[in-house]
Amino acid sequence: MKHQDLAIKFYKEKGKKHDKALWAIRQKRDKAIKGVKEWEILRREASEIKDYVIENLKELIDEFIKNAKNEGVEVYFAKDAKEHNEIVLKLLKEINAKKIVKSKSMLTEECSLNEFLEKNEINVIDTDLGERIVQLRGEKPSHIVLPAIHTTKEDVAKILNETNTDPTYLTRKMRALLRKEFLSADAGISGANFLVANKGYAVVCTNEGNADLGAILPPLHIISVGIEKIIPNMKDLGLFLRMLARNATGQAITTYSTIFGKKDNGKRIIILVDNGRFERLNTKFKETLKCIRCSACLTTCPVFRRSGGHSYRYIIPGPIGSLLAPLKDKNEYNDLPFACTLCGSCEMVCPVKIPFSKQLREMRKYVTNENIMVKIAEKSMHSATMFKLFSKIIRLTPKPILEKTLNQWSQYRALPAIPKERFIK
Amino acid sequence: MKNKILDKFIENLKKAGGEILDEIPENWYKTRALLGVAENGAVWVDEYKKKLFLSENVAIILDKNSIVEDMTKAMDYINSPGVFISGPSKTADVESFLVYGAHGPIRVGIYLI
Ligand code: SF4
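Protein chains in written order, with our numbering: chain A, 1 to 425; chain B, 1 to 113.
Simulated from the structure, these hints should not be mistaken for laboratory data.
Fair warning: there could be bad hints in the mix.
To be verified - What follows is a list of derived Cβ distance ranges for each label pair: (1) B:L98 to A:L177: 15 to 23 Å; (2) B:Y77 to A:E115: 53 to 61 Å; (3) B:D7 to A:E86: 51 to 59 Å; (4) A:K20 to B:E19: 30 to 38 Å; (5) B:E19 to A:N331: 51 to 59 Å; (6) B:I20 to A:I95: 39 to 47 Å; (7) A:K2 to B:Y77: 48 to 56 Å.
Backbone N, C-alpha and C define an ideal beta-carbon position, used for all residues, glycine too.
With the hints as extra help, turn the sequences into a complete structure.
Shown next as structure tokens:
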């Protein structure tokens, strides 16, 4: 099923509530940002830092690797998802790990690490409460910061076999269940929000403290992270920490912002993952590498709010997902750049100024460049004769047939009446 | 000026669910922070220990004179790994209801000296 069908289904079931919950978060975000007078200056700086990063990615990675090794952290480089998963498996096999606790990492989702490890008989426990909820439901996260935003407290009670639906009660229950897992896990895996090149540090931001427990309790801590998360120095980190949580949920900062170096009581290993990122640098979509995954573009998007994350079918949904997904699979996700009104709200909230309006239009071209109808329509615009011919054909085609041909477009929209007289004679 | 920064720190600490302690209760886990940040109520702790996360109640000692305005300024003083902590661990993953005490401490108090 494509986006529009899934969206309609979701909207009927849960759309209103979902929309309201996300709009409340957007308003909290606006309030937090009003509290920072220099916000627009910060955005400009953040965008410039990220432009610098994507232009100097190779050098920054080398610098990071050198400094992380000096700091006492092992670093691997994985060229794709497969290589990443195999490195993780090898590291876990070395210590005969049977159970790992994982905290939120969009990268491991991108690599389908859970499925891979489960196949190799390693038990993966997602520990972010939202991620655990979706894991127990057999689903994927529907939002990159609020993975279970599509569920209700009744849904959560159900997976825990509880009749009490009080959120505090349910949260405590999950806490107790997961505490046991933390204490008995053989390794912890997390993502990272930032990598500081000149220090070799990895920085992880969470509210729940799950990444910290996973990092400090088991003897092995693996950090899986996309190469674009590199930033040059600690000053830049200060800037991004001012922006990330404010823009995501309206908090001034997440509860924990942990700067990881060497692990005191065991081993810490960082796996840097390319998985198509270097290649993207040579495309029109390289600016998508600036993304810090704050999720603001999802939360603000009028289409996302009403259609829910699962309608995008890709691990990163919303406006940024509509740019990333077609780069992974052009045919499967060719509907996503059209799940958009081009309102530009994403562009207004993006802390690193990804030019969404331009990129989404560009992506529409990219996914339709082999579409015959689009090609004919485009050709016809270039010559008066062709245009006249084309519009004549449209005028002569009976409406039901026209609607059938344009099915994807006209299924949920009325086809405008075609005027009898042509604009050009 | 200094007082303004302190007031702002306390205000933002409370917003993050943290509290100001008049004294340190006996069975709380105790540690010290090297730095406080006014704009978000976070404190910088470089003693990265299991109990900091496993304990239900955590008290953090902070010198009133070591509070800086914002995160960018804080970075001038940070030269090692460690953690910024702002209030108790929290989650809103069950239908957007804010609950204190997700995986880490349920209460975090700052003891100012
Ligand atoms: S594209 Fe911008 S707004 Fe969207 S998640 Fe990334 S950084 Fe945030």
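* To do: Check each numbered hint from earlier against the structure, then list the numbers of those it violates in ascending order.
  => Checked against the structure, the only hint that fails is number 2, while the rest are satisfied.
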